[in-house]
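Colleague: Please work from the sequences and hints to get the whole structure.
Residues per chain are reported as follows:
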Amino acid sequence: SAVISQKPSRDICQRGTSLTIQCQVDSQVTMMFWYRQQPGQSLTLIATANQGSEATYESGFVIDKFPISRPNLTFSTLTVSNMSPEDSSIYLCSVEVWGDGPLETQYFGPGTRLLVL
Amino acid sequence: AQSVAQPEDQVNVAEGNPLTVKCTYSVSGNPYLFWYVQYPNRGLQFLLKYITGDNLVKGSYGFEAEFNKSQTSFHLKKPSALVSDSALYFCAVRDTTRGGNKLTFGTGTQLKVEL
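These protein sequences, in sequence, are chains A and B.
Those letters in the first sequence? Residues 1 to 117, per my numbering, in order.
Those letters in the second sequence? Residues 1001 to 1115, per my numbering, in order.
Keep in mind the hints are simulated off the structure, nothing from the lab.
Take the hints with a grain of salt, since some may be wrong.
Said to hold, decoys possible - Calculated pairs, EDC-like style, for lysine to aspartate or glutamate (alpha carbon to alpha carbon, straight line, at most 20 Å):
# : chain 1 : residue 1 : chain 2 : residue 2
1 : B       : K1058     : B       : D1085
2 : B       : K1102     : A       : E86
3 : B       : K1022     : B       : E1066
4 : B       : K1102     : A       : E54
5 : B       : K1102     : A       : E96
6 : B       : K1112     : B       : E1008
7 : B       : K1102     : A       : E58
8 : B       : K1058     : A       : E104
Modeller: Put into structure tokens, the structure is as follows:
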């Protein structure tokens, strides 16, 4: 498995501002992912971040709104830009880890709870 | 496109009784299936996965899941529920087409175990 930390754990922000969320892993990983979990909803993948390349965004998510950095194999950031109340969600970072068997498993960080007023 | 359905928003079980949380899936290729649990104000914790082989998969905290290809189901089970099992459970399927690794999650099932 992997130990994943996120900062901040929660924040309350004003509309129109931006927040950068950090994700730190205790081991080097190739694939990192950012998910959004809106209140009472399931998880939705925002983007996949590989070190050394541009992030790949899912349909409905754009780089201008959710810029991602991946400077090395243990760290990534997600910025939520020009926030509106609709951005109030839990944002989760996850990583893929090889373990037993032929398929990687995704492990998740504790999440960042964002409230936009 | 792949999808996962969790038909029950909530499941209530008495402590000591067996529990089942249902999941059905739809994929175009081989199904790679996962169960995660989310405790209040916590991130997701990995419980177990099915890739291939034995249809009964054993995971963390005494949970197991049964893969049924003909019914396209992957139900989560535990022989004897604990109050501490009360949490939100997510089933997920992985997209392996074109070498992909995207996880698609179900809507989640709230498990409530009562004394």
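Colleague: Now tell me, hint by hint, if it's right for this structure.
Modeller: Evaluated hints:
no. : hint                : verdict
1   : K1058(B) / D1085(B) : 16 Å, holds
2   : K1102(B) / E86(A)   : 24 Å, violated
3   : K1022(B) / E1066(B) : 10 Å, holds
4   : K1102(B) / E54(A)   : 17 Å, holds
5   : K1102(B) / E96(A)   : 11 Å, holds
6   : K1112(B) / E1008(B) : 12 Å, holds
7   : K1102(B) / E58(A)   : 10 Å, holds
8   : K1058(B) / E104(A)  : 17 Å, holds
The structure shown violates just one earlier hint, number 2.
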